[in-house]
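Which chain is which? The protein sequence lines are S and A, in order. 1 is the number of the first residue of the first sequence in this note's numbering; add one for each residue after it. 1 is the number of the first residue of the second sequence in this note's numbering; add one for each residue after it.
Where hints are given, some of them may not hold.
[What the hints assert, rightly or not] Taking lysine-lysine and the BS3-like style, the derived pairs with C-alpha atoms no more than 25 Å apart in a straight line are: (1) S/Lys99 <-> A/Lys70; (2) S/Lys3 <-> A/Lys57; (3) S/Lys57 <-> S/Lys99; (4) S/Lys59 <-> A/Lys70; (5) A/Lys14 <-> S/Lys99.
Hints were generated in silico from the structure; no laboratory data involved.
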Amino acid sequence: SQKIEQNSEALNIQEGKTATLTCNYTNYSPAYLQWYRQDPGRGPVFLLLIRENEKEKRKERLKVTFDTTLKQSLFHITASQPADSATYLCALSNTGGFKTIFGAGTRLFVKA
Amino acid sequence: DGGITQSPKYLFRKEGQNVTLSCEQNLNHDAMYWYRQDPGQGLRLIYYSQIVNDFQKGDIAEGYSVSREKKESFPLTVTSAQKNPTAFYLCASSLEGNSNQPQHFGDGTRLSIL
Numbered sequence: 001s002q003k004i005e006q007n008s009e010a011l012n013i014q015e016g017k018t019a020t021l022t023c024n025y026t027n028y029s030p031a032y033l034q035w036y037r038q039d040p041g042r043g044p045v046f047l048l049l050i051r052e053n054e055k056e057k058r059k060e061r062l063k064v065t066f067d068t069t070l071k072q073s074l075f076h077i078t079a080s081q082p083a084d085s086a087t088y089l090c091a092l093s094n095t096g097g098f099k100t101i102f103g104a105g106t107r108l109f110v111k112a
Numbered sequence: 001d002g003g004i005t006q007s008p009k010y011l012f013r014k015e016g017q018n019v020t021l022s023c024e025q026n027l028n029h030d031a032m033y034w035y036r037q038d039p040g041q042g043l044r045l046i047y048y049s050q051i052v053n054d055f056q057k058g059d060i061a062e063g064y065s066v067s068r069e070k071k072e073s074f075p076l077t078v079t080s081a082q083k084n085p086t087a088f089y090l091c092a093s094s095l096e097g098n099s100n101q102p103q104h105f106g107d108g109t110r111l112s113i114l
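Construct the entire structure; sequences and hints are all you get.
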């Protein structure tokens, strides 16, 4: 069955460093990969979408890579700030359909 | 400001009771979705609707029902047949029901059993 794996252990980093979160998937060939941010008790907020033919995408301090050979996406936050502390969800979807599959997320803590 | 409003924020259900979770959007989106979020698990799709007066079952529809009588509204009823309803419920919408569209989420309803 289709599976998305995100590191269940929280990631703790120091302010100013680059945070790197990993999303691995199996039994799936997604056309699109999305990243969302979720704060405690709130709904997810869309951050970035990358297509299968795009290797990398950037938005301000965020960078996403998409390696369809490794079946992996990396999500980077450069110059991290305490306000970046949240859970980050990876989501996959394919063409010709509506369905998006979400990972369980990785919790990020940025210490001042 | 456009967005999705879910209510109530917290809801308690007694045994044998049906409860309805509200979801309203003013984004003029065609597609709407209901997800369930449990600790340590990804969002699981309960129902989705791509257009008014039409909806389809998701992966875990048993014990739930929905309606889509208006474009703006997509209420979810958790019936007494749902034996493990305690979870965080999220409503979402997208411009169209295409997989390349980002989804906009409400702030959820946390349902617990009394």
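Right, here's what the structure says about each hint:
no.	hint	result
1	S/Lys99 <-> A/Lys70	holds, 22 Å
2	S/Lys3 <-> A/Lys57	holds, 20 Å
3	S/Lys57 <-> S/Lys99	holds, 22 Å
4	S/Lys59 <-> A/Lys70	violated, 35 Å
5	A/Lys14 <-> S/Lys99	violated, 32 Å
Checked against the numbered hints above, the structure breaks hints 4 and 5 and satisfies the rest.
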